[in-house]
Amino acid sequence: MTDLKPGDLLLIGAACSVQFAGNRALRLRLVSVDPRPTYHGWVWLTGYVLNEKGAAVDKREVFVQQAGVRVLRAAPARRPVA
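Numbers in the working numbering are just positions in the sequence shown, counted from 1, shifted up by 1372.
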């Protein structure tokens, strides 16, 4: 699993947890990954749920299996300030 970083656009679906199966899947713009340890392979993510137009409609914190998270679009690479 690739490292998740703020700004990534994620698909949170059934592979992450059964609660996100079917039409309950989310597109989540990642804000943060909780660094505290949890069960092996699981992680708390905080982000904004996006609608079909890409607008943020809700802020959510979700507990998911990291291996099931799909990165739809990675955050742009940060360039050093000159």
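Calculated from the structure, these hints are not laboratory results. Any given hint could turn out to be false.
[To be verified] No farther apart than 20 Å at their CA atoms in a straight line, the calculated lysine to any residue pairs in the SDA-like style are these:
(1) LYS1425 x LEU1402
(2) LYS1425 x ARG1401
(3) LYS1431 x PHE1392
(4) LYS1431 x ARG1442
(5) LYS1425 x ALA1446
(6) LYS1377 x GLY1394
(7) LYS1377 x ASN1395
(8) LYS1425 x ALA1387
(9) LYS1425 x ALA1397
(10) LYS1377 x ARG1432
(11) LYS1431 x TRP1416
(12) LYS1425 x THR1410
(13) LYS1425 x SER1389
(14) LYS1425 x ARG1451
(15) LYS1425 x VAL1390
(16) LYS1425 x ARG1399
(17) LYS1431 x TYR1411
(18) LYS1377 x ARG1445
(19) LYS1431 x ALA1454
(20) LYS1431 x ARG1451
(21) LYS1425 x GLN1391
(22) LYS1425 x ASP1375
(23) LYS1377 x ALA1439
Now the hints, each set against the structure:
1. LYS1425 x LEU1402: 17 Å, holds
2. LYS1425 x ARG1401: Holds - the C-alpha atoms of ARG1401 and LYS1425 are around 13 Å apart, at most 20 Å.
3. LYS1431 x PHE1392: With Cα atoms ~16 Å apart, LYS1431 and PHE1392 stay inside 20 Å; holds.
4. LYS1431 x ARG1442: Holds - the C-alpha atoms of ARG1442 and LYS1431 are around 19 Å apart, at most 20 Å.
5. LYS1425 x ALA1446: This hinted pair holds, its Cα atoms lying about 18 Å apart.
6. LYS1377 x GLY1394: 25 Å, violated
7. LYS1377 x ASN1395: 25 Å, violated
8. LYS1425 x ALA1387: Violated - the C-alpha atoms of ALA1387 and LYS1425 are around 24 Å apart, more than 20 Å.
9. LYS1425 x ALA1397: 16 Å, holds
10. LYS1377 x ARG1432: Holds, at about 16 Å.
11. LYS1431 x TRP1416: 13 Å, holds
12. LYS1425 x THR1410: 33 Å, violated
13. LYS1425 x SER1389: 25 Å, violated
14. LYS1425 x ARG1451: Violated. LYS1425 to ARG1451 sits at ~28 Å, over the 20 Å cutoff.
15. LYS1425 x VAL1390: Given that 20 Å is the threshold and the Cα spacing comes to 25 Å, the pair is violated.
16. LYS1425 x ARG1399: 11 Å, holds
17. LYS1431 x TYR1411: 23 Å, violated
18. LYS1377 x ARG1445: Since the Cα atoms of LYS1377 and ARG1445 sit roughly 11 Å apart, the hinted pair holds (cutoff 20 Å).
19. LYS1431 x ALA1454: Not OK: LYS1431 and ALA1454 at ~34 Å, beyond 20 Å, violated.
20. LYS1431 x ARG1451: 27 Å, violated
21. LYS1425 x GLN1391: 23 Å, violated
22. LYS1425 x ASP1375: 26 Å, violated
23. LYS1377 x ALA1439: 15 Å, holds
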